[in-house]
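Colleague: Here the protein sequences line up with chains E and P, keeping their order. Sequential numbering from 1 applies to the first sequence in my numbering. Sequential numbering from 1 applies to the second sequence in my numbering.
Among these hints, one or two may not hold up.
Computed, partial: chain E to chain P, Cβ under 10 angstroms [to be verified]: (1) Ile10; (2) Ser14; (3) Gly15; (4) Asp38; (5) Phe42; (6) Gly43.
I should point out that these hints are in silico values taken from the structure, not numbers from a laboratory. All C-beta atoms in this analysis are idealised placements derived from N, C-alpha and C, irrespective of residue type, glycine included.
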Amino acid sequence: MKVEQISIFIENKSGRLAEITRILGEAAINIRALSLADTSDFGILRLIVNDVEKAKQVLKDKGFTVNKTEVVAVEVPDQPGGLSAILQILDKDNINVEYMYAFVERCGGNAVIIFRFDETEKAVESLKAGNFNVLEGERLYTL
Amino acid sequence: MSSYFNEEFETLPRQALEALQLKRLQTTIERVTANVPFYKKAFAAANVRAEQIKTLSDLQRLPFTTKQDMRDSYPYGLFAAPMDEIVRIHASSGTTGKPTVVGYTRQDVDVWSELMARSFVTAGVNRDDIIHNAYGYGLFTGGLGAHYGAERLGASVIPISGGNTKRQIMIMQDFGSTVLTCTPSYSLYLAEEAEAEGYNLHDGKLRVGIFGAEPWSEAMRQEIEQALGLHAIDIYGLSEIMGPGVAIECIQAKQGLHIWEDHFIAEIIDPETGEQLPDGEKGELVITTITKQGIPLIRYRTRDITSITREPCSCGRTHARISRMSGRSDDMLIIRGVNVFPSQIESILVRVEGVEPHYLLIVDRADNLDTLEVQVEVNESIFSDEIKVLQVLSRRIEKEIKDMLGVTCTVKLVEPKTIQRSEGKAQRVRDNRNL
Numbered sequence: 001m002k003v004e005q006i007s008i009f010i011e012n013k014s015g016r017l018a019e020i021t022r023i024l025g026e027a028a029i030n031i032r033a034l035s036l037a038d039t040s041d042f043g044i045l046r047l048i049v050n051d052v053e054k055a056k057q058v059l060k061d062k063g064f065t066v067n068k069t070e071v072v073a074v075e076v077p078d079q080p081g082g083l084s085a086i087l088q089i090l091d092k093d094n095i096n097v098e099y100m101y102a103f104v105e106r107c108g109g110n111a112v113i114i115f116r117f118d119e120t121e122k123a124v125e126s127l128k129a130g131n132f133n134v135l136e137g138e139r140l141y142t143l
Numbered sequence: 001m002s003s004y005f006n007e008e009f010e011t012l013p014r015q016a017l018e019a020l021q022l023k024r025l026q027t028t029i030e031r032v033t034a035n036v037p038f039y040k041k042a043f044a045a046a047n048v049r050a051e052q053i054k055t056l057s058d059l060q061r062l063p064f065t066t067k068q069d070m071r072d073s074y075p076y077g078l079f080a081a082p083m084d085e086i087v088r089i090h091a092s093s094g095t096t097g098k099p100t101v102v103g104y105t106r107q108d109v110d111v112w113s114e115l116m117a118r119s120f121v122t123a124g125v126n127r128d129d130i131i132h133n134a135y136g137y138g139l140f141t142g143g144l145g146a147h148y149g150a151e152r153l154g155a156s157v158i159p160i161s162g163g164n165t166k167r168q169i170m171i172m173q174d175f176g177s178t179v180l181t182c183t184p185s186y187s188l189y190l191a192e193e194a195e196a197e198g199y200n201l202h203d204g205k206l207r208v209g210i211f212g213a214e215p216w217s218e219a220m221r222q223e224i225e226q227a228l229g230l231h232a233i234d235i236y237g238l239s240e241i242m243g244p245g246v247a248i249e250c251i252q253a254k255q256g257l258h259i260w261e262d263h264f265i266a267e268i269i270d271p272e273t274g275e276q277l278p279d280g281e282k283g284e285l286v287i288t289t290i291t292k293q294g295i296p297l298i299r300y301r302t303r304d305i306t307s308i309t310r311e312p313c314s315c316g317r318t319h320a321r322i323s324r325m326s327g328r329s330d331d332m333l334i335i336r337g338v339n340v341f342p343s344q345i346e347s348i349l350v351r352v353e354g355v356e357p358h359y360l361l362i363v364d365r366a367d368n369l370d371t372l373e374v375q376v377e378v379n380e381s382i383f384s385d386e387i388k389v390l391q392v393l394s395r396r397i398e399k400e401i402k403d404m405l406g407v408t409c410t411v412k413l414v415e416p417k418t419i420q421r422s423e424g425k426a427q428r429v430r431d432n433r434n435l
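Only chain E is shown next, with the shape it has when bound in the complex (with noise of 0.2 angstroms):
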């Protein structure tokens, strides 16, 4: 129930971001979501892609700093106050959120958000218990 992430230290200087897209490119990895958190000095970008460990692999042969993360894909009614509701469950079972981002392609008529909780299965035990739809990993790296 649960999907792997991939995150990488980068410095905030200039051409990191367009050297990792490079280097998953030249390894024909699909990136299918991200996300870039920064601070003034450094960020962490975050990664779903097609295959985890051949991105992780070549990251590293560069001299990146690599890890994996498990993140959760939830489906999310395409809707006024879809979200809204998800977040209400969570906040009711004392589910912390540490970061969410959207995932770029839909999953039928739905968006796709991932998470990161602080208490990974608790949070898929109560999202499907709220009758969300929480996906695979295997499923969404080919949606």
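Model the placement of chain P on the given structure of chain E, informed by the hints.
Modeller: The following block gives chain P in isolation, referenced to the frame of chain E:
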């Protein structure tokens, strides 16, 4: 007002001065041979006995003492007086973890007070002055050293110590301070902050500033004198030898620092070979204390680079002068007056779990204050997909460094392999200050 504190000794003819040095050197050698096992062993290893030291040039036969020797003897191993005679203990930062410890007998404190009083008078200070002493009070010798000297002289001393700059400026104005003692960079910071508060230190009562504990330049002297409207005087000292007041410039010439030769013997050596260099040549300053009781040091390698001249000085003092310190023969950095060895930072980093000992120290000077940036490589074991985890790590390293070394730094996380590796001695420091 007299231009000397102790005219007889400050103007002793060189021949008499050197005779006194020899006598005191011999006494010191006897003292350390009898009381300090380290020296007894070191002299035996060098195959030299006290009675063989018949002239001052025989000093060259004696082995050097290094900071490492002090570390190996931590804390009291080099003391030559029993603890019931030690009345004061100071310490400065060592090259790693443990500090370098020194002890003073009552007589040592007396001598130090006199030499610091002499130094004040040499800098043009007298009993009527109000001395704003912004050197730190504590284990660091700066604060108490200057304080005792000021009291010995009979001046009024304000023991303001470091920090709380706004309050310092108010007190300086309200109390009518005429003399400022602090690090040269702090004096400029004070001037700037004063201006921001609406005061102009240049128009105040300050007339002499005695600045030390960090390297500075002639250009900086000009800047300080213009900003604060005073005579900026360079003072030298180190806790291992005594503290502030080992040497000072005279206000008349401002051409080199008189080293109090009736208490210290100064040599300049080639730091590579250990051979003595002739007067005027740049090399490492080596000091032998010849009156200290608590912890006399024989041929202590200061690692400070300077030169020496015994030419007469216009102020009338006969004591030799060393030139402004122009660098170090080791990798010690002086950051806001705090001694920092890269090895200390390294030992802190390795204690922080997962941090690799690949680091780069970038020292700079912004708004007249030294800044230290510690670059640390982010590897997989410390990396996280969450920003806050990395920020907490940075803050933790900054706090450890502050707690251990007393110096404020900013940690910058960098990508792996971006810090230069080298086969031999890694380049760990980039000092961008133009001193």
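Colleague: Checking hints one by one. Is E/Phe42 an interface residue toward chain P, by the C-beta closer than 10 angstroms rule?
Modeller: Since the shortest Cβ distance to chain P is 5 angstroms, the answer is holds.
Colleague: Using 10 angstroms as the Cβ threshold, decide whether E/Asp38 counts as touching chain P.
Modeller: holds (8 angstroms)
Colleague: Regarding the hint that E/Ile10 lies at the interface with chain P, is the smallest CB-CB distance below 10 angstroms?
Modeller: Hint on E/Ile10: holds, closest Cβ of chain P at ~7 angstroms, below 10 angstroms.
Colleague: Under 10 angstroms is the threshold here; is the Cβ of E/Ser14 close enough to any Cβ of chain P for the hint to stand?
Modeller: This hint is violated: E/Ser14 lies away from chain P, its Cβ roughly 13 angstroms from the closest one there, beyond 10 angstroms.
Colleague: Restraint: E/Gly43 near chain P, CB-CB cut 10 angstroms. Satisfied or not?
Modeller: For E/Gly43, the interface hint holds, since the closest Cβ of chain P sits about 9 angstroms away, which is under 10 angstroms.
Colleague: Would you check whether E/Gly15 satisfies its interface hint, that is, whether its CB is within less than 10 angstroms of any CB in chain P?
Modeller: violated (12 angstroms)
When held up to the earlier numbered hints, the structure conflicts with 2, 3 and fits the remainder.
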